[in-house]
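Undergrad: Take a look at the letters that make up each chain.
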Amino acid sequence: MDNKPLTTVNLSVKNLKRNPFRTAGLIFLVSLFAFTLFGGTVLSKSLENGMNNLSKRMGADILAVPYGYEADIQSALLRGEPSTFYFDAGITEKVKGVEGVKDVSPQLYIATLNAGCCAYPLQLIGFEPKTDFIIQPWLTNSLDHLLGDGEIVVGNSINAEAGQKLKFFDRTFLVVARLDKTGMGFDTSVFMNLSTANQVARDSERLKAHPVAENENLISSVMIKIENGYDVKDVANNILQAYAKESVHVVVTKNMLSDISGNLRGLTAYIYILAGVLWVLAVSVLLVVFSVTLNGRKREFGIFRTLGAPRNKLVKLILCESSLISLFGTVAGIVAAALVVFPFSTYIASLVGLPYLQPSYATVFVVAAMSFLLSFLAGPLASAYFAIKIGGFEIYTVMRENE
Amino acid sequence: MKNRFFSGIVAAVLGLVILLVPLCIFPTCTKMIETASGGTVPMKCFWSGRAEIGVGLLILCGGVLLVIFKSTLIRLGISMMAALTGVLGILVPIVLIGGCKMDTMPCRMTTFPALIVLCVLVVAFSSGNAIYLWRQNKKIQEKTNG
Chain A
22 MDNKPLTTVN
32 LSVKNLKRNP
42 FRTAGLIFLV
52 SLFAFTLFGG
62 TVLSKSLENG
72 MNNLSKRMGA
82 DILAVPYGYE
92 ADIQSALLRG
102 EPSTFYFDAG
112 ITEKVKGVEG
122 VKDVSPQLYI
132 ATLNAGCCAY
142 PLQLIGFEPK
152 TDFIIQPWLT
162 NSLDHLLGDG
172 EIVVGNSINA
182 EAGQKLKFFD
192 RTFLVVARLD
202 KTGMGFDTSV
212 FMNLSTANQV
222 ARDSERLKAH
232 PVAENENLIS
242 SVMIKIENGY
252 DVKDVANNIL
262 QAYAKESVHV
272 VVTKNMLSDI
282 SGNLRGLTAY
292 IYILAGVLWV
302 LAVSVLLVVF
312 SVTLNGRKRE
322 FGIFRTLGAP
332 RNKLVKLILC
342 ESSLISLFGT
352 VAGIVAAALV
362 VFPFSTYIAS
372 LVGLPYLQPS
382 YATVFVVAAM
392 SFLLSFLAGP
402 LASAYFAIKI
412 GGFEIYTVMR
422 ENE
Chain B
3 MKNRFFSGIV
13 AAVLGLVILL
23 VPLCIFPTCT
33 KMIETASGGT
43 VPMKCFWSGR
53 AEIGVGLLIL
63 CGGVLLVIFK
73 STLIRLGISM
83 MAALTGVLGI
93 LVPIVLIGGC
103 KMDTMPCRMT
113 TFPALIVLCV
123 LVVAFSSGNA
133 IYLWRQNKKI
143 QEKTNG
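Going down the list, the sequences are from chains A and B.
With the first letter of the first sequence counted as 1, position 364 gets the number 385 in this note's numbering; the numbers rise by one all the way through.
With the first letter of the second sequence counted as 1, position 4 gets the number 6 in this note's numbering; the numbers rise by one all the way through.
Excised from the complex, chain A in its bound form (with noise of 0.2 Å):
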């Protein structure tokens, strides 16, 4: 025998295990919109932090890359791609010539066959740490001299720390320092000075033939950051001008990053829309189902208010129910799209293509808070208006109704 008191939440519960595929069927509904509400917010939230902190750090101004390879340096950039790409390395001092040019520093990009910590192809990246601006400034602990012979520098997702040591090529390499987060390409490379990286290509020559090892006076880009007062489509007009005929080819950040913000845009329209019809099919269906059964249940709230319930108590009880089915809902859907979004971020990351970056976790409280709130609110808004009719109704009228 159950001796629980007939309390509104005692009542409650009975009443929806009364009808346990109805019951899981409202909560799987509250569940799902919650799901995407919270997973949809929390991606959104992602690719706007990768997007921020990219326009945030990207040095440079212009890219010079050679002609024909304008794809291969954003992918390199956003996503790490393992490229190879060449131009002689007397177009950086060239390039330092133009107009309104403050300052350059090259990159020479080598693709790794294997490496040490993962039989996978891994993005060397060689600079020059006198003219850098682009990768020392995001070191998480600076370094104290310059970046030196067989010393790298490895992304966040090498799980390197300092003075350890990895091998590439069978040469072993020390790592110095470590990148913060970036939610782009840097994550997963690796960076060491332009001696180092073709000391690399021509180790790598034992396994295939590579440009580096045969030509030692090539670069894969020139980062270029330009003086204040002139305008960036000008200065990129007169590089191509200038070198065009020599294969040089120019890529404006400013366009890249507005390409990926407007994909970006498209993206959390998409997923607020999506939020946004889940929320409505929600209600409309809890409304629906509300309307049903509680009208089937007339008889039943008839004998509450003949034991002698108060009106407050039939209303109450409705309102628990649809309340116990949200709050359900809303908890399973949270966690699910938690245990989603979190473990999975770098394959989202990976099939996003996009930078990505996970908010903090203030933010993600907020946006939890947020998606529960909206969620929550779902089940006692449908039953509100059958909650406040059913408590109205006469006991004579509703008792006799269904005869």
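Any given hint could be a false lead.
[As the list claims (entries may be wrong)] Label pairs and their calculated CB-CB ranges: (1) B:Phe71 x A:Ser96: 55 to 65 Å; (2) A:Glu248 x B:Leu25: 57 to 67 Å; (3) B:Arg52 x A:Lys254: 49 to 59 Å; (4) A:Leu195 x B:Arg52: 47 to 57 Å; (5) B:Gln143 x A:Pro41: 47 to 57 Å; (6) B:Ala126 x A:Glu248: 52 to 62 Å.
[Stated by the list, open to error] Below, in silico cross-link-like pairs of lysine-lysine (DSS-like), each with a Cα-Cα straight-line distance of 30 Å or less: (7) B:Lys33 x A:Lys35; (8) A:Lys123 x A:Lys319; (9) B:Lys4 x B:Lys46; (10) B:Lys141 x A:Lys35; (11) A:Lys188 x B:Lys33; (12) A:Lys151 x A:Lys246; (13) A:Lys266 x A:Lys246; (14) A:Lys202 x B:Lys33; (15) A:Lys188 x B:Lys103; (16) A:Lys275 x A:Lys151; (17) A:Lys25 x B:Lys141; (18) A:Lys319 x A:Lys410; (19) B:Lys33 x B:Lys46; (20) A:Lys186 x B:Lys103; (21) A:Lys186 x B:Lys72.
Hints in this document: simulated from the structure, not taken from any laboratory.
Each residue gets a CB set at the ideal place from its N, CA and C atoms; glycine is no exception.
Using the hints, position chain B against chain A.
TA: Okay, now just chain B, sitting in the frame of chain A:
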């Protein structure tokens, strides 16, 4: 009766999925490491995957046993063991064996997160079932004692 089938089937399905994750759903990294002598050996994550197949198999058997046995106390014991096996399943890729060093490797990107999420579900579900069975057993004892 209902609980017996429900809990057994859920545990068995979770065990089966854990078993299948490293085999075919999200396989571990497939490339081999070349040794100094010129031979090849699988990477660490491969062995983590192997261990997880064993963990999945144990949980699957636990689920089947939950359906077979009627005694509340035996099912309570099986549920507790399944929960602890779930904990073992979490420890294998994180502490006991581990995996590749780069976040973007298949094992770190998909296999381990999937296994950890599934093992967390096993721990939560089996612990919940153990608590439920423990309360059931207490009720039965109270009834028998009068």
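Undergrad: Would you list, in rising numerical order, the hints stated earlier that this structure does not obey?
TA: 4, 5, 7, 8, 9, 21
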